[in-house]
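Residue numbers for the sequence shown, in this note's numbering: 1 to 211.
Just so you know, not all the hints are guaranteed correct.
Heads up, simulated DSS-like pairs for lysine-lysine below, C-alpha to C-alpha not over 25 Å straight-line [stated by the list, open to error]:
id, residue 1, residue 2
1, 119, 168
2, 80, 126
3, 189, 129
4, 159, 119
5, 145, 80
Note that these hints are calculated values from the structure, not bench results.
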Amino acid sequence: AEHEMPGLMAARQEYGPAQPFKGLNINGSLHMTIQTGVLIETLAALGAKVRWCSCNIFSTQDHAAAAIAKAGTSTVFAWKGETLPEYWWCTEQMMTVPGADGCDQLVDDGGDATLLIHKGKEYEEKFAKDGSLPDPSSTDNAEFKCILQLLRDSIPADKTKYTRMAAKCKGVSEETTTGVHRLKEMAAKGELLFPAINVNDCVTKSKFDNV
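Using the sequences and the accompanying hints, generate a full structural model.
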């Protein structure tokens, strides 16, 4: 995979000695493949502390996740064939940075990690106001049930976890049409909690990925 990703390899060579990401926590929700492994290793080589999960329950290449975990370049929460509750558990674990309020930068694919932060802060504010907790039975959507259950369990243990996480995050990059659409909706309503970079519509992605 490294031979097919010369840009990342050149970035390591050119910027590695300067360690521009030193001290930064960079977290990602992106297909855990060998190609993503090259990205993770590049972020680590430039000084970042990295935590990762997959953005799809079926897309993880277990050998890639195992190689990254074994090398210690990232803390990885991903395996092929996750259940929906396991998927959202992995997303929460990826976002939870020991010794810090959250990540400095977020790499998102599909917007799930971004959604979890925003919903987490929303329900923390409701809890602070009237003591109410999310109710998983309030929706028929299986995935949203998982989110609500996760937050129902999380909020009593740490009442401002996602509020601090949102404040800590300097920005997110998003590379899917769905994720960007969701971000634009939040921005239009004034609900977007941190800056977002639209990778989906950049010219390099349109030439190499959207084909």
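Structure-inconsistent hints, enumerated in ascending order | 2
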